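Participant: Assemble chain B onto chain A, guided by the hints.
Top line first, the protein sequences correspond to chains A and B. Just so we're aligned: 93 in the working numbering is position 93 of the first sequence, and the numbers increase by one with no gaps anywhere. In the working numbering, each residue carries its 1-based index in the second sequence increased by 114.
Honestly, the hints are just simulated from the structure, not real lab data. Note that this is a predicted model, so its numbers are computed, not measured. Do not take every clue at face value.
[Claimed, not checked] With a Cα cut of at most 27 angstroms, we get these calculated DSS-like pairs of lysine-lysine: (1) A/LYS14 - A/LYS41; (2) B/LYS185 - A/LYS14; (3) A/LYS64 - A/LYS14; (4) A/LYS55 - A/LYS66; (5) A/LYS64 - A/LYS20; (6) B/LYS185 - A/LYS41; (7) A/LYS64 - A/LYS41; (8) B/LYS115 - A/LYS64; (9) A/LYS41 - B/LYS115; (10) A/LYS66 - A/LYS20; (11) A/LYS14 - A/LYS66; (12) B/LYS185 - B/LYS115.
[Unchecked claim] Listed below are several chain B residues computed to face chain A (Cβ distance under 8 angstroms; list not exhaustive): (13) SER142; (14) ASN146; (15) GLY155; (16) ARG156; (17) GLY157; (18) PRO158; (19) ILE203; (20) ARG207; (21) ALA210; (22) ASN211; (23) PHE215; (24) GLY216; (25) THR217.
In this text, a Cβ means the ideal position worked out from N, Cα and C, and glycines have one as well.
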Amino acid sequence: GAVVSQHPSWVICKSGTSVKIECRSLDFQATTMFWYRQFPKQSLMLMATSNEGSKATYEQGVEKDKFLINHASLTLSTLTVTSAHPEDSSFYICSASPLVDTQYFGPGTRLTVL
Amino acid sequence: KNQVEQSPQSLIILEGKNCTLQCNYTVSPFSNLRWYKQDTGRGPVSLTIMTFSENTKSNGRYTATLDADTKQSSLHITASQLSDSASYICVVRTGANNLFFGTGTRLTVIP
Chain A
1 GAVVSQHPSW
11 VICKSGTSVK
21 IECRSLDFQA
31 TTMFWYRQFP
41 KQSLMLMATS
51 NEGSKATYEQ
61 GVEKDKFLIN
71 HASLTLSTLT
81 VTSAHPEDSS
91 FYICSASPLV
101 DTQYFGPGTR
111 LTVL
Chain B
115 KNQVEQSPQS
125 LIILEGKNCT
135 LQCNYTVSPF
145 SNLRWYKQDT
155 GRGPVSLTIM
165 TFSENTKSNG
175 RYTATLDADT
185 KQSSLHITAS
195 QLSDSASYIC
205 VVRTGANNLF
215 FGTGTRLTVI
225 P
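If we strip away everything but chain A, and leave its shape as in the complex, we get (with noise of 0.2 angstroms):
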């Protein structure tokens, strides 16, 4: 099955560093990633939209200087969190789309802003 990762799982941080967060599609080509927040109790928030070789289309109130998004290439996007506060402390989730209708899900990385 279809299969995407992120690296790290966790982190933590001193407020006011960037941290990097990867997503791989493992088995398959994904022409579009997502980028998704979570914060607790609540569900998932599109923050961005990112297609390989192109810039990433942000939702609205979605700080494009401060998520920064790569996606590089076809199996691989990165979401770099700059200048991290502690209100960026949150569960981030991405996911990769092979087929228009299909997304799968990464495990989720929980970044915490001390």
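Facilitator: The following block gives chain B in isolation, referenced to the frame of chain A:
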């Protein structure tokens, strides 16, 4: 306004019992509806997908129903197990390939 509402917000049941989770949506135009299971600290895993013409679909002990006229879906879990404890999320896809997520139902199965 496109919305997906789930009920109940949380549910506690005894192991071995059945339960039914509800999803009401106002999303249009409708393409398909998926039920996902999300274990704590993990990403969502798809359980079922239903298109406009499908009324019922089963996946093991999970049975999903869809009434496209009333825009309601349900997920029935039979003979619950402790491992069923998770959040169950209803996700509706539009014809323009936008996804709308429900807030989920938190199910706890106790021995």
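Participant: Hints first: check each against the structure and report whether it holds.
Facilitator: Each hint, compared with the structure:
{"no.": "1", "hint": "A/LYS14 - A/LYS41", "result": "holds (24 angstroms)"}
{"no.": "2", "hint": "B/LYS185 - A/LYS14", "result": "violated (46 angstroms)"}
{"no.": "3", "hint": "A/LYS64 - A/LYS14", "result": "holds (21 angstroms)"}
{"no.": "4", "hint": "A/LYS55 - A/LYS66", "result": "holds (14 angstroms)"}
{"no.": "5", "hint": "A/LYS64 - A/LYS20", "result": "holds (14 angstroms)"}
{"no.": "6", "hint": "B/LYS185 - A/LYS41", "result": "holds (25 angstroms)"}
{"no.": "7", "hint": "A/LYS64 - A/LYS41", "result": "holds (25 angstroms)"}
{"no.": "8", "hint": "B/LYS115 - A/LYS64", "result": "holds (26 angstroms)"}
{"no.": "9", "hint": "A/LYS41 - B/LYS115", "result": "holds (23 angstroms)"}
{"no.": "10", "hint": "A/LYS66 - A/LYS20", "result": "holds (12 angstroms)"}
{"no.": "11", "hint": "A/LYS14 - A/LYS66", "result": "holds (16 angstroms)"}
{"no.": "12", "hint": "B/LYS185 - B/LYS115", "result": "holds (14 angstroms)"}
{"no.": "13", "hint": "SER142", "result": "violated (16 angstroms)"}
{"no.": "14", "hint": "ASN146", "result": "holds (7 angstroms)"}
{"no.": "15", "hint": "GLY155", "result": "holds (7 angstroms)"}
{"no.": "16", "hint": "ARG156", "result": "holds (5 angstroms)"}
{"no.": "17", "hint": "GLY157", "result": "holds (4 angstroms)"}
{"no.": "18", "hint": "PRO158", "result": "holds (5 angstroms)"}
{"no.": "19", "hint": "ILE203", "result": "holds (6 angstroms)"}
{"no.": "20", "hint": "ARG207", "result": "holds (6 angstroms)"}
{"no.": "21", "hint": "ALA210", "result": "violated (11 angstroms)"}
{"no.": "22", "hint": "ASN211", "result": "holds (6 angstroms)"}
{"no.": "23", "hint": "PHE215", "result": "holds (4 angstroms)"}
{"no.": "24", "hint": "GLY216", "result": "holds (6 angstroms)"}
{"no.": "25", "hint": "THR217", "result": "holds (5 angstroms)"}
The structure shown violates the earlier hints numbered 2, 13 and 21.
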